[in-house]
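With these hints in hand, go ahead and build the complete structure from the sequences.
Just so it is clear: in the sequence shown, position 91 is 91 by my numbering, and no numbers are missing.
A couple of the hints might just be wrong.
[Claimed, not checked] Okay, the calculated beta carbon distance ranges per label pair: (1) Gly79 with Ile107: 33 to 39 Å; (2) Leu42 with Leu77: 37 to 43 Å; (3) Ile2 with Tyr106: 36 to 42 Å; (4) Ile16 with Lys36: 36 to 42 Å; (5) Leu120 with Ile72: 30 to 36 Å; (6) Gly79 with Ile9: 18 to 24 Å; (7) Ile9 with Ala112: 40 to 46 Å; (8) Val35 with Arg68: 37 to 43 Å; (9) Ile97 with Val124: 17 to 23 Å; (10) Arg128 with Ala63: 20 to 26 Å.
[To be verified] Simulated crosslink set (SDA-like; lysine to any residue; CA at most 25 Å straight-line): (11) Lys80 with Ile64; (12) Lys80 with Val116; (13) Lys6 with Val24; (14) Lys6 with Cys130; (15) Lys36 with Val49; (16) Lys10 with Thr90; (17) Lys96 with Ile107; (18) Lys10 with Ser94; (19) Lys80 with Phe70.
Calculated directly from the structure, the hints in this document are not laboratory data.
Virtual Cβ for every residue (Gly too), placed ideally from N, Cα, C.
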Amino acid sequence: MIFTLKEVIKWLGLSIFELWLHIVAIFVFSVLVAVKLEGGTLSWWTVFVPLFACDGCVAYFTAIVFIRLFLIGDRRLAGKRTAWSLLLLTLLLSYKILLCHRLENYIVRDYAVIHVPLFLLLLVLAVRACQVDC
Numbered sequence: 001m002i003f004t005l006k007e008v009i010k011w012l013g014l015s016i017f018e019l020w021l022h023i024v025a026i027f028v029f030s031v032l033v034a035v036k037l038e039g040g041t042l043s044w045w046t047v048f049v050p051l052f053a054c055d056g057c058v059a060y061f062t063a064i065v066f067i068r069l070f071l072i073g074d075r076r077l078a079g080k081r082t083a084w085s086l087l088l089l090t091l092l093l094s095y096k097i098l099l100c101h102r103l104e105n106y107i108v109r110d111y112a113v114i115h116v117p118l119f120l121l122l123l124v125l126a127v128r129a130c131q132v133d134c
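This is how it looks when you write it as structure tokens:
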């Protein structure tokens, strides 16, 4: 079963612009991973730059949306949307940083420990999917 764009937007709590940013960042990241694995001299931090830049753009977009919603007078929606976006960004950013540290051998931790933010993100998305009525 393929989800519609409306369902994806509701379940993830992202706008179409944010989804577009993530898709472009993942595409560029995939190209850089291929270059890295084929013998390129890139570091893993350089490979992850598109994903970090995407997180920064999404955080900036979230701040703009918060300010606009707050000035309109919809304070409750502004707070909920900002809290949700910041939770997603925090979990994704912590996962990416831990993974980069592990790939560069800065820390010697088990991969299960590194994936904890990703597991929490999936748990939060599952709870949100149960609460959203389509």
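Okay, the hints, checked on the actual structure:
Our hint of 33 to 39 Å for glycine 79 and isoleucine 107 holds, since their Cβ atoms are close to 35 Å apart. In this structure, leucine 42 and leucine 77 meet the distance hint of 37 to 43 Å, their C-beta atoms being roughly 41 Å apart. Distance hint for isoleucine 2 and tyrosine 106: a CB-CB separation of about 40 Å, consistent with the stated range 36 to 42 Å. About 30 Å separates the C-beta atoms of isoleucine 16 and lysine 36, a value inconsistent with the hinted range of 36 to 42 Å.
Separation of leucine 120 from isoleucine 72 is about 32 Å and conforms to the stated range, judged on CB atoms against 30 to 36 Å. Taking the beta carbon of each, glycine 79 and isoleucine 9 are about 19 Å apart, inside 18 to 24 Å as hinted. The hinted window of 40 to 46 Å between isoleucine 9 and alanine 112 is violated, with their beta carbons roughly 32 Å apart. A hinted range of 37 to 43 Å for the beta carbons of valine 35 and arginine 68 is consistent with their spacing of about 39 Å.
Against the hinted window of 17 to 23 Å, the Cβ-Cβ separation of isoleucine 97 and valine 124 comes to about 19 Å, which satisfies the hint. A beta carbon spacing of about 21 Å between arginine 128 and alanine 63 agrees with the range 20 to 26 Å that was offered as a hint. Pair hint lysine 80 plus isoleucine 64 holds up; C-alpha atoms about 14 Å apart against a cutoff of 25 Å. Proximity of lysine 80 to valine 116 is assessed by CA-CA distance (about 24 Å); at most 25 Å being required, the pair is judged to hold.
At roughly 19 Å between alpha-carbon atoms, lysine 6 and valine 24 fall within 25 Å of each other, so this suggested pair holds. Taken as a hint, the lysine 6 and cysteine 130 pair is honoured in the structure, with Cα atoms around 16 Å apart against an allowance of 25 Å. Between lysine 36 and valine 49 the alpha-carbon distance is near 13 Å, which keeps this suggested pair within the 25 Å criterion. Among the hinted pairs, lysine 10 with threonine 90 is consistent with the structure: their alpha-carbon atoms are about 20 Å apart, no more than 25 Å.
Between the alpha carbons of lysine 96 and isoleucine 107 the distance comes to roughly 14 Å, so the proposed pair stays at or under 25 Å and holds. Using a Cα cut-off of 25 Å, the hinted pair lysine 10 and serine 94 holds, with the two alpha carbons roughly 24 Å apart. Taking the CA atoms of lysine 80 and phenylalanine 70, the gap is near 11 Å; set against the 25 Å cutoff, the hint holds.
Hints 4 and 7, counting from the list given before, are not met by this structure.
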